[in-house]
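Make the full structure from the sequences, and use the hints.
First residue of the sequence shown? That's 9 in this note's numbering, and the numbers climb one at a time after it.
There could be a bad hint or two in this list.
As the list claims (entries may be wrong) - Pairs of lysine to aspartate or glutamate residues, derived as EDC-like cross-links and limited to a Cα-Cα distance of at most 16 Å, are as follows:
1) K60 - D121
2) K60 - D297
3) K196 - E230
4) K196 - E226
5) K60 - E101
6) K22 - D65
7) K231 - D268
8) K22 - E230
9) K293 - E101
10) K293 - D90
11) K116 - D44
12) K116 - E86
13) K196 - E86
Claimed, not checked - Estimated spans, in silico, between C-beta atoms of each pair:
14) E226 - A16: 14 to 20 Å
15) G88 - V224: 22 to 28 Å
16) T74 - P178: 33 to 39 Å
17) V173 - S53: 25 to 31 Å
18) T184 - V124: 42 to 48 Å
19) R131 - G269: 41 to 47 Å
20) N225 - T74: 41 to 47 Å
21) D268 - T316: 46 to 52 Å
Note that these hints are calculated values from the structure, not bench results. Model, not experiment: these values are computed from the prediction. Backbone N, C-alpha and C define an ideal beta-carbon position, used for all residues, glycine too.
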Amino acid sequence: MVYPREAALPLPWKVIAQMNQTDDFVENIAVRSNGDLLVTLFYPSASVYTVKRPFSDYPTMSLIHTFEDANGLTGIVETGPDTFVVTAALYQELAVPSPNTTSLWQFKLGGEDQAVSTRRIVRLPQNLLLNGLVFVPGIRPAVLAADGLLGVITRVDLTTGQHEVILDVPELKPVTGSPLLLGANGLKIRDGFVYWSNTDLVSIYRIRIDEEGYPVNEAEVEKVVTLEGASGVDDFAFDGLGNIWAATNINNTVVTIRTDGRQDVVVGSQTELTVAGDTAVAFGKTPVDEFTLYVTTSGAAAAPVNGTIVEPGKIVAVDTRNYYT
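The structure is reproduced here in structure tokens:
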């Protein structure tokens, strides 16, 4: 697989599911092994929805579960077969959680795609806006969680609930005086590094970690890229070639960062609802949609299009095949 000299942009896209109310904010996405999608709501309820057969002509969306003691979910990650972990909190307003309300929950899916069991792994009163999650497998499985307000990465043991801050560096922090005041956001592990996006710094960073998710002794933070012409960066994903596909949220675009450093806006624009307020991206897992990028959106909740236009959050499928030959 190689790149074409010039990809035909924007890439083809279609809406595969959309919420009903204009304040329905879709925040994050996980792809199941069977190809179905799970998405979290940041507002107005702490709910997980599924989109079944998103690659079909007629995908269907339905509620899986709403968590108690919270009104918003952010990150979601698979930690075992049909087993997922989410971050939940009670929010006073958008991205402002009430003190001492942040928790990690685990849920397992059963027949009819309902959450047959849920358990609160741990309350995390010292954390604020936990967002990006990544799974660290092993004898003592754990997750790493990015806190966008404190600007730290926390490690949580999934068995015991024991938790600790494992990384606290300037590259994780929000920028004082910035409009959003959001630091670390998306989180991914790849080839022995943990990568994170910093919304305010409009950049992606990484640091080398060991098998348990801890930064390697004397490892240094490396800047991977600063997005060109963007005001922020939300979640991101890697394709099979190592290119980064990043959601810009308030810029209403998806940007690619190739391994050679080239950047392209591949879908959306500041004045379009196409992927307005895009929050997260993930590639399909089946042979029929491995080149489909699924994008969740807030409907421009944080920055209305043209200053006034918002819509219910949605899930958009972007056909990326034209980006390669």
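Going through the hints against the structure:
1. K60 - D121: Since the Cα atoms of K60 and D121 sit roughly 9 Å apart, the hinted pair holds (cutoff 16 Å).
2. K60 - D297: It holds: about 13 Å lies between the C-alpha atoms, which stays within 16 Å.
3. K196 - E230: At roughly 14 Å apart (the allowed maximum being 16 Å), E230 and K196 satisfy the hint.
4. K196 - E226: violated (21 Å)
5. K60 - E101: Violated: K60 and E101 sit about 31 Å apart, past 16 Å.
6. K22 - D65: holds (11 Å)
7. K231 - D268: holds (15 Å)
8. K22 - E230: Distance ~36 Å between K22 and E230 Cα, so the pair is violated.
9. K293 - E101: Measuring from Cα to Cα gives roughly 35 Å; hence the hint is violated.
10. K293 - D90: holds (14 Å)
11. K116 - D44: Distance ~15 Å between K116 and D44 Cα, so the pair holds.
12. K116 - E86: holds (10 Å)
13. K196 - E86: The hint holds at about 13 Å.
14. E226 - A16: 14 to 20 Å: Taking Cβ atoms as reference, E226 and A16 lie about 46 Å apart, which means the hint is violated.
15. G88 - V224: 22 to 28 Å: Roughly 26 Å apart at Cβ, these two residues keep to the hinted range, so it holds.
16. T74 - P178: 33 to 39 Å: holds (37 Å)
17. V173 - S53: 25 to 31 Å: Check passed, 29 Å falls within 25 to 31 Å.
18. T184 - V124: 42 to 48 Å: holds (45 Å)
19. R131 - G269: 41 to 47 Å: holds (42 Å)
20. N225 - T74: 41 to 47 Å: holds (43 Å)
21. D268 - T316: 46 to 52 Å: At roughly 39 Å between Cβ atoms, T316 and D268 fall outside 46 to 52 Å, so the hint is violated.
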